[in-house]
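With the hints as constraints, model all of the structure from the sequences given.
2 protein chains.
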Amino acid sequence: MNSVEVCFSPQLFDLFGRKDSIVVVVDVFRATSAMVTAFQHGAKSFIPVSTIEEARELGNQGFLAGGERNGEVVEGFEFGNSPFSYMSAKIKDREIALTTTNGTRAINIASEGANTVLIGSFLNLQALANHLTLQKKNVIIFCAGWKNRFNMEDSLFAGALTNLLLNTGKFHSDCDSANASSLVYRTGRKNLMSFLKSCSHRKRLGHLNLEKDVEYCLQRDITNVIPVLKDGKLVLLR
Amino acid sequence: MNSVEVCFSPQLFDLFGRKDSIVVVVDVFRATSAMVTAFQHGAKSFIPVSTIEEARELGNQGFLAGGERNGEVVEGFEFGNSPFSYMSAKIKDREIALTTTNGTRAINIASEGANTVLIGSFLNLQALANHLTLQKKNVIIFCAGWKNRFNMEDSLFAGALTNLLLNTGKFHSDCDSANASSLVYRTGRKNLMSFLKSCSHRKRLGHLNLEKDVEYCLQRDITNVIPVLKDGKLVLLR
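Protein chains in written order, with this note's numbering: chain A, 71 to 308; chain B, 71 to 308.
For the record, the hints were derived by calculation from the structure and aren't laboratory data.
Take these hints with a grain of salt, some might be off.
Copies of the same chain are indistinguishable here, so a pair counts whether it falls within one copy or spans any two.
Below, in silico cross-link-like pairs of lysine-lysine (DSBU-like), each with a Cα-Cα straight-line distance of 35 angstroms or less [stated by the list, open to error]:
hint, residue 1, residue 2
1, 89, 267
2, 217, 303
3, 267, 240
4, 162, 206
5, 114, 217
6, 206, 217
7, 217, 240
8, 160, 267
9, 240, 260
10, 89, 114
11, 282, 267
12, 160, 300
Structure, rendered in structure tokens:
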């Protein structure tokens, strides 16, 4: 049996030091949901970068460039992390350099070890679970959180994926974070939107009028695409 | 209204940087439960130290000395972190130097800022809530966790205290960790013992035959004592 573990913050990831695991990075609102959406609509690759300057530089080199900080598109960038901006024909076959407040940083931290890094969201949840079940590797679900703090939406995703994996009978959990996430998800699963409204710090995003994005990102299983990190680029897993 | 927040790991505490808050440190199994028990039985003070050497040195200076690592009493020490060892007449009016795997480290980290540091456990839960409600300060519940990782028992305590504080109407929570803890507690509250057996990584402690200690530490409200940190020493709050 393989293990499933959940890391609640980039600042805790060094405690999950396995070398031969699969790390699923999630930033539900909205970086990883946007990436999955972009691949679904034909994007060729994402380069996750940590700074605005790197994204701008790659933009000058002919990449599409995206930049988000504190939920808003950074001035001078065409793309932020709204999934809706990654649905147009413009992004087809293009390479996109992206920096976001939480998600791209988590991807870069996850990439430092010798693990396989995949991108998760509710949009490709079941596809991920199916893929992971076939790999016979330990799984670490890595929540991007909010500025290194625990957040409810990424933990809900972690709980949903933990449940799917445990239900296959091929995984076990000795990880209290995984078990707590699973409990929280089982409490909220019937209506994720109203659950988050009742118990999450929605002010983080609320003032940005992101209701439409939030609803979009909470949809389950609308695509089978799974982005995987290869040589510093996210590409479609085939 | 004052805020209540929950920190899941010593490694995240720097994100909770308030200067004028009350920090409640908890290590349910078993350091803070043992400390509360000791004060209930007449101990004069605890000096939380980080290393075995410091505890030994203070032992040589005439303090009672306690040392625990990975759940076991360190060789050469009379006390570990079992509450039952702090019930004897021996500890009355004595000063105790203690080092433990998680709890004393968390206390020392909490003491670095300009916050007030109190010691929490299920044993003095309601007394703590009553005291905190009168202080008109923001509250940070600081879970010692297990080797910097999230653990279920400390989060259950955090959820129980969060609930009591929110129910007074004098606190609010914008903190997803506090809200998740509160949910987990509400799921498990009816029988904490069987809840922990079903979903916590009990192997951490299970092999040490700590059933009796675990049962003791999960008792609610058996005392009103509240330890407070003053000049590097825990003393009884009066």
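Hints and how they fare:
When the C-alpha separation of residue 89 and residue 267 is checked against a cutoff of 35 angstroms, the pair qualifies only between copies, where the shortest distance is 30 angstroms, while the shortest distance within a copy is 38 angstroms. Taking identical chains as interchangeable, the C-alpha atoms of residue 217 and residue 303 lie at most 35 angstroms apart whether they share a chain (23 angstroms) or sit on different chains (33 angstroms). In this assembly of identical chains, residue 267 and residue 240 lie within 35 angstroms of each other by CA distance both inside one copy and across copies; the values are 34 angstroms within and 21 angstroms between. Taking the shortest alpha-carbon separations for residue 162 and residue 206, only the intra-copy value of 33 angstroms comes in at or below 35 angstroms, while the best inter-copy value is 56 angstroms.
In this assembly of identical chains, residue 114 and residue 217 lie within 35 angstroms of each other by CA distance solely inside one copy; the values are 28 angstroms within and 41 angstroms between copies. Within a single copy, residue 206 and residue 217 get their C-alpha atoms as close as 32 angstroms, and across copies as close as 27 angstroms, so both meet the 35 angstroms cut-off. For a Cα distance limit of 35 angstroms, the shortest separation of residue 217 from residue 240 qualifies both inside one copy, at 33 angstroms, and across copies, at 27 angstroms. In the homo-oligomer, the alpha carbons of residue 160 and residue 267 lie at most 35 angstroms apart inside one protomer (34 angstroms), although the nearest pairing across protomers, at 53 angstroms, exceeds that limit.
Both within a single protomer and between protomers do residue 240 and residue 260 lie at most 35 angstroms apart by alpha-carbon distance, with minima of 25 angstroms and 31 angstroms respectively. For the homomeric pair residue 89 and residue 114, the shortest alpha-carbon distance inside one copy (28 angstroms) is at most 35 angstroms, but the shortest distance between copies (48 angstroms) is not. For the homomeric pair residue 282 and residue 267, the shortest alpha-carbon distance inside one copy (14 angstroms) is at most 35 angstroms, but the shortest distance between copies (41 angstroms) is not. When the C-alpha separation of residue 160 and residue 300 is checked against a cutoff of 35 angstroms, the pair qualifies only within one copy, where the shortest distance is 23 angstroms, while the shortest distance between copies is 63 angstroms.
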